[in-house]
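Peer 1: The hints should help you fit chain B onto chain A, whose structure is shown.
There are 2 protein chains.
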Amino acid sequence: MSAYAVIGAGAIGGFYGARLAQSGQEVHFLFRGRAPYVSEHGLQVISPDGDFLLTEVNSHADWSTMPQVDVVIVAVKAGANEDVAGRVGAILKPGGAVMLIQNGLSGEQVFAHALGDAVEVIGASAFISVVFEGSNVIRHFDFGLLSVGAYLADYARGEVTPTMQTVAEELAGAGIASGLEDDLLLARWKKLLWNIPFNALSVILDARTDELMANDDAVELISIVMDEVRAGCAADGREIPREAADFLLEGTKAMKPYSTSMRVDFEAGRHLEVEGLLGEPLARARANGVELATITALYRQLKFIDSRQAG
Amino acid sequence: MSAYAVIGAGAIGGFYGARLAQSGQEVHFLFRGRAPYVSEHGLQVISPDGDFLLTEVNSHADWSTMPQVDVVIVAVKAGANEDVAGRVGAILKPGGAVMLIQNGLSGEQVFAHALGDAVEVIGASAFISVVFEGSNVIRHFDFGLLSVGAYLADYARGEVTPTMQTVAEELAGAGIASGLEDDLLLARWKKLLWNIPFNALSVILDARTDELMANDDAVELISIVMDEVRAGCAADGREIPREAADFLLEGTKAMKPYSTSMRVDFEAGRHLEVEGLLGEPLARARANGVELATITALYRQLKFIDSRQAG
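Chains as they are written, first to last, in our numbering: chain A, 53 to 363; chain B, 53 to 363.
Extracted from the complex, chain A is given alone in its bound form:
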């Protein structure tokens, strides 16, 4: 039994937190403005794995009432990392860990730097399709796997830690599969293998996954982008085999029509996660001496599109 906190309880944090709570773990949500509504009405999850209403929710409006916990799940946008990293130490029990569910290749460094060596920082990638609706409804469409790896300085290869194993067991008890990785950096590049082409092109071409996969030119472009992601990963000394890209393409073809998270942000008029999803991988590849021309084009296009988004 661990005690959890969920910071940034949007769709992703809310979903994993709700499932852990439903399975009997102690979970505290920092719900900010939503907190009173959730306290009164509970937290509802609608999911192909089964709907449920969580009636007793530890719903906090503010950091000040959050208790100390074993694991803080942070699921905020990268822009909030600095702020959260400065506050999260206060709600960690001795020996506690931070698990950051986020895209990009820099978030863990912010937390490791702020919290020091005594705190374990774990990076996680969520393979999930989920949205937050209204004040207390989490609508889960598909998937759910968490890919989890310990962060060591500059994303050095690590090992599976006892905390990672405990979290994985408790997630399994909540019906959530997780993949424990000894190489967080490789895991992140693997996530980018799908995330970069599909998030970018879904916004630039205004298309769902099924529309992209039904068009030969889009598939060809996705394949080129995936080759560049593999090249960026190789420049970090890690290998993603071509078969992994082919497998993802086939899997996406078989998927239900899906709007990527970037497209959901785009349609809501929100700013796009351009730096985390494309800028950081490009910068990392460039630092390793590799230019990724197609991803650079997508990056510039998305920055242009983002400049027109309201906020």
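Each hint should be verified, as a subset may be incorrect.
As the list makes no split between identical chains, a pair holds if one copy fits it or if it spans any two.
Derived DSS-like pairs: lysine-lysine, alpha-carbon spacing no greater than 30 Å straight-line [what the hints assert, rightly or not]:
| hint | residue 1 | residue 2 |
| --- | --- | --- |
| 1 | Lys-243 | Lys-355 |
| 2 | Lys-145 | Lys-305 |
| 3 | Lys-355 | Lys-145 |
| 4 | Lys-308 | Lys-355 |
| 5 | Lys-305 | Lys-355 |
Simulated from the structure, these hints should not be mistaken for laboratory data.
Peer 2: Only chain B this time, still in chain A's reference frame:
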């Protein structure tokens, strides 16, 4: 005094033909369905260089009534080249010439192949902003230069021919500046230097020229694309200096807000000129051993967008 025919009398063909006719040249327009309306109401040109109404127009609904002329100006979309090339010989006087105003790097070959060595084929690039409105109004916004070069087999370097000089003089008499080039292929690549980045990005990013030029990311991407056009041209053994690209960027910044021809087509729901503007230059570069990654990405994106256009 030459007699001219204009085939494909849309905005561009219509504009140059109307100016030649107004200056006193004999000009026959193949106006198809518009022919009766233009015969009755004339052809109206609205232009910063001066408005005029051409009341006596040789307006033809069909090839069958077109007389033989000295110069046939062909200003159709590339998709119509085969059909027009098969018919145009019948309306050429002995020693007559075809002047093709079109983008792309293949149109002249179609005409040269169909017409044989006895017919001079001239390629022209129009630097102009003009649209056709309603049944008989040509609205000219800006520019007008025609860059003109003789076509020799496989776009070998040529020379300025007497026909080119005559046409240039008669254009000058109509107030149209032309540049006589001894290297059609270089002239075409120079046109592509602007056409590829601005046409492609104006559609993909749904933006006018001024909106692109006001955004650093768009300008950076345009510069990258211009470098690739220069590389494609270099692979053809021709050189476009970097200063030419810088000059075009500065010139575009100074231009009035402008929707490219591809964007005008896009907004009208018409098919996009993807092959002529991007596909052919890419194929030519590839045949010369050069891959242009960014232009390839734009090409695939435009093909996807074009697949959604009605017709």
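Peer 1: With identical chains, the pair Lys-308 and Lys-355 could be close in the same copy or across copies; at 30 Å between alpha carbons, which is it: within, between, both, or neither?
Peer 2: both (28 Å within a copy, 24 Å between copies)
Peer 1: Taking 30 Å as the upper bound on the Cα-Cα distance, should Lys-305 and Lys-355 be classified as within, between, both, or neither?
Peer 2: both (28 Å within a copy, 20 Å between copies)
Peer 1: Regarding Lys-243 and Lys-355, is the shortest C-alpha distance of 30 Å or less found within a copy, between copies, in both, or in neither?
Peer 2: Answer is both: 21 Å inside a copy and 27 Å across each meet the 30 Å cutoff.
Peer 1: Between Lys-145 and Lys-305, at a C-alpha cutoff of 30 Å, which is it: within one copy, between copies, both, or neither?
Peer 2: neither (44 Å within a copy, 58 Å between copies)
Peer 1: Please work out whether the CA atoms of Lys-355 and Lys-145 approach to 30 Å or closer within one copy, between two copies, in both situations, or in neither?
Peer 2: So Lys-355 and Lys-145 fail the 30 Å test inside a copy (40 Å) and across (55 Å) alike.
The structure does not agree with the numbered hints 2 and 3 stated previously, though it agrees with the rest.
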